[in-house]
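Asks: Please construct the entire structure, taking both the sequences and the accompanying hints into account.
As they're listed, the protein sequences go chains A and B. Okay, so the first sequence: first residue is 59 according to my numbering, each after it adds one. Okay, so the second sequence: first residue is -17 according to my numbering, each after it adds one.
Be aware that one or more of the hints could be misleading.
Keeping only pairs whose Cα atoms sit at most 27 Å apart, straight-line, the calculated DSS-like set for lysine-lysine is [stated by the list, open to error]:
no.: 1; chain 1: B; residue 1: K72; chain 2: A; residue 2: K391
no.: 2; chain 1: A; residue 1: K239; chain 2: B; residue 2: K216
no.: 3; chain 1: B; residue 1: K215; chain 2: A; residue 2: K157
no.: 4; chain 1: A; residue 1: K183; chain 2: B; residue 2: K215
no.: 5; chain 1: A; residue 1: K412; chain 2: A; residue 2: K263
no.: 6; chain 1: B; residue 1: K38; chain 2: A; residue 2: K158
no.: 7; chain 1: A; residue 1: K129; chain 2: B; residue 2: K215
no.: 8; chain 1: B; residue 1: K73; chain 2: A; residue 2: K391
no.: 9; chain 1: B; residue 1: K49; chain 2: A; residue 2: K390
no.: 10; chain 1: A; residue 1: K183; chain 2: B; residue 2: K226
no.: 11; chain 1: B; residue 1: K226; chain 2: A; residue 2: K158
no.: 12; chain 1: B; residue 1: K40; chain 2: A; residue 2: K278
no.: 13; chain 1: B; residue 1: K40; chain 2: A; residue 2: K276
no.: 14; chain 1: B; residue 1: K40; chain 2: A; residue 2: K200
no.: 15; chain 1: A; residue 1: K127; chain 2: A; residue 2: K158
no.: 16; chain 1: B; residue 1: K6; chain 2: A; residue 2: K278
no.: 17; chain 1: A; residue 1: K276; chain 2: B; residue 2: K38
no.: 18; chain 1: B; residue 1: K41; chain 2: A; residue 2: K278
no.: 19; chain 1: A; residue 1: K391; chain 2: A; residue 2: K266
Read the hints as simulated data drawn from the structure, not as lab findings.
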Amino acid sequence: MNKLDLQDPDINNVQIKVCSRCIYDERVSNISFDANGICNYCHQVDKLKEEYGTGKSKGTLQLNKILDKIKLEGANKKYDCIVGVSGGTDSSYLLYLAKKWGLRPLAVHFDNTWNTAIATMNIHKLLNHLEIDLYTYVVDNKEMDDIIRSFILAGVAESEAPNDLGFAYLLRIAARKYSIKYILEGHSFTEEGITPLGRNYFDGKYIKSIHQKFGKRKMKTYPLMTFTRFLTSIIFDQVKFIRPLWYISYSKKDAQEHLNQLCGWEYYGGHHLENRSAAFFHTIYLPGKFNSDFRNNTISSQVRIGNCSREDGWSIYNTAPIVEPDLLTYVKKRLEISDIEFEHIMNKQPLSWKDYPTYKKRFERLKGLFYLLAKLNLVPKSFYIKYCS
Amino acid sequence: MLRTRIIPVLLLKGESLVKTIKFKNFTYVGDPCNSLRIFNELEVDELMVLDISASKEKKSPNFSLIKDMCSECFMPLSYGGGIRTIEHAKKLFDLGIEKIVLNTYAIENHLFISQLSSYFGSQAIIVSIDIRKRRFAKKDVFSNTFKSYLNLDPIDWAKQAEELGAGELLLTSVDNEGTWQGMDFDLIKNISQNISIPLIAHGGAGNLDHIKKAIHEGGASAVGLGSMVTFQKKGMGVLIHMPKLENFN
Ligand SMILES: [Zn+2]
Chain A
59 MNKLDLQDPD INNVQIKVCS RCIYDERVSN ISFDANGICN YCHQVDKLKE
109 EYGTGKSKGT LQLNKILDKI KLEGANKKYD CIVGVSGGTD SSYLLYLAKK
159 WGLRPLAVHF DNTWNTAIAT MNIHKLLNHL EIDLYTYVVD NKEMDDIIRS
209 FILAGVAESE APNDLGFAYL LRIAARKYSI KYILEGHSFT EEGITPLGRN
259 YFDGKYIKSI HQKFGKRKMK TYPLMTFTRF LTSIIFDQVK FIRPLWYISY
309 SKKDAQEHLN QLCGWEYYGG HHLENRSAAF FHTIYLPGKF NSDFRNNTIS
359 SQVRIGNCSR EDGWSIYNTA PIVEPDLLTY VKKRLEISDI EFEHIMNKQP
409 LSWKDYPTYK KRFERLKGLF YLLAKLNLVP KSFYIKYCS
Chain B
-17 MLRTRIIPVL LLKGESLVKT IKFKNFTYVG DPCNSLRIFN ELEVDELMVL
33 DISASKEKKS PNFSLIKDMC SECFMPLSYG GGIRTIEHAK KLFDLGIEKI
83 VLNTYAIENH LFISQLSSYF GSQAIIVSID IRKRRFAKKD VFSNTFKSYL
133 NLDPIDWAKQ AEELGAGELL LTSVDNEGTW QGMDFDLIKN ISQNISIPLI
183 AHGGAGNLDH IKKAIHEGGA SAVGLGSMVT FQKKGMGVLI HMPKLENFN
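Replies: Structure representation (structure tokens):
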């Protein structure tokens, strides 16, 4: 079943071109190499570091300005910012930082009903210790399962789109409900890298059309971000998205140790593994069906910042991911997919987002509008680049 | 002193877990099996799952779901909802359910309690009594299935249930349920003084003091918790957890 096209784990024996600084290889979409064999993604990280002053006084200064603005604008409100939480390292640490910086964050959690106990306990320990309120939205579990299942049946790689977009829209819903103007995101380009452009794509129409085609239930409780809802939120709520970890030096490892000492927070053993559906997609479904392994994102970053040698990184990347023993059985049972059906799904020709209806054309037509919105910081620049071109 | 028994009481509606306020306004809590898995990792001694839609929709217990729940659950699990025959009960015990909880059908057919009790032993039979205040402050047994009062005195019905063979009583105050504002301590006391079987007090617990009071002053032998194990705190988001019981006993 495992179709993952693993290369020789010894980087010196490899036949394909691998970046001389990280472990991205020629199969990564839109990759190019300079004269020294360094890839464009390494250069992109350098550029971002320069631009944001990451870990330097320039970065701290920029961030402090933003923090002051958040405090000022939220002065009369119960909460001045939102931090989305999953129980994972980055968002947990960001909550700790937000409190330390004197912000009054509201934690927001999108519960797709596939949480691990460790994630749930982490959220509880942390919020209790930091005295932070939580806003949770729980989707009807049967409906969520139906949506997840329909993405598996659709044969596309954006299997986590329903979760990611639901979460993204929930942040906007919570911002409106509590009239909060800032959403802090726990992303770190130094620790996780930037997802290569053109690798995947999703939007509200994509989710709706796939669910209509392959689902069996009505969509009733899932927070679907349609085009209208998206635009309404941008224009009326005017929420700004801030990524504080882009400005400061940040180490996942140190963060984990710190959180553990702070409140007994525990590491769950890997990126995305705090949620069982995410764990399934990252350790079983994507490597098995799409011959693609999103671990190279994180591993490359770890190599770039020197937490791991190129040799070791390549070797880890080319060793099949560790799979929780009963995870596949659990997923098949819960999604009511038989062994034969699952085998069939995994062997079927993969399809792409281009095979299903999306808003992509509409975003492209409205390029001018989104250019303006990006200028005003109402949509991230990365959104403009990814969705409008 | 015996360890205080704290029992998370989880409500099943269809195939989803929900939480109600005064038996209304339900919110989604999660997937039953996934939630039981999470409770497994927490220090929970026993659990209770009540299917609140089975009787209303005249359905039998959802055995395939219960089977899955039993396989996720390592601690003793009680189940109630839609049990109307000896066969239902037998099947539930076969699946691994430790105790069964009777409500609607026990009211319709008192002898059913005795039948089950003589078949399976009274220790496996919990009778669940829902109490709601009527106008002019008289408390009455309430049937959620039929949305009506039963003109039954709570104490009389509790005593009767014991005589019929119930091994334990689950007492839920509908007016307090989901409010976090404290339990109906008078009611708990009144009932516990009139029966000799263990009483699980349920409905309204919002902090550790409430739990203590139900046990020490009310004479309950266990407390059933809904909101306190389901939400971060009052008015806040869903987050399954167990309250810390240190310095408690
Ligand atoms: Zn590179």
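Asks: Each hint needs a verdict: does it hold in this structure or not?
Replies: Structure-based check of all given hints:
no. : hint            : result
1   : B:K72 - A:K391  : 25 Å, holds
2   : A:K239 - B:K216 : 25 Å, holds
3   : B:K215 - A:K157 : 19 Å, holds
4   : A:K183 - B:K215 : 13 Å, holds
5   : A:K412 - A:K263 : 12 Å, holds
6   : B:K38 - A:K158  : 51 Å, violated
7   : A:K129 - B:K215 : 25 Å, holds
8   : B:K73 - A:K391  : 21 Å, holds
9   : B:K49 - A:K390  : 16 Å, holds
10  : A:K183 - B:K226 : 11 Å, holds
11  : B:K226 - A:K158 : 26 Å, holds
12  : B:K40 - A:K278  : 25 Å, holds
13  : B:K40 - A:K276  : 24 Å, holds
14  : B:K40 - A:K200  : 21 Å, holds
15  : A:K127 - A:K158 : 16 Å, holds
16  : B:K6 - A:K278   : 19 Å, holds
17  : A:K276 - B:K38  : 23 Å, holds
18  : B:K41 - A:K278  : 24 Å, holds
19  : A:K391 - A:K266 : 24 Å, holds
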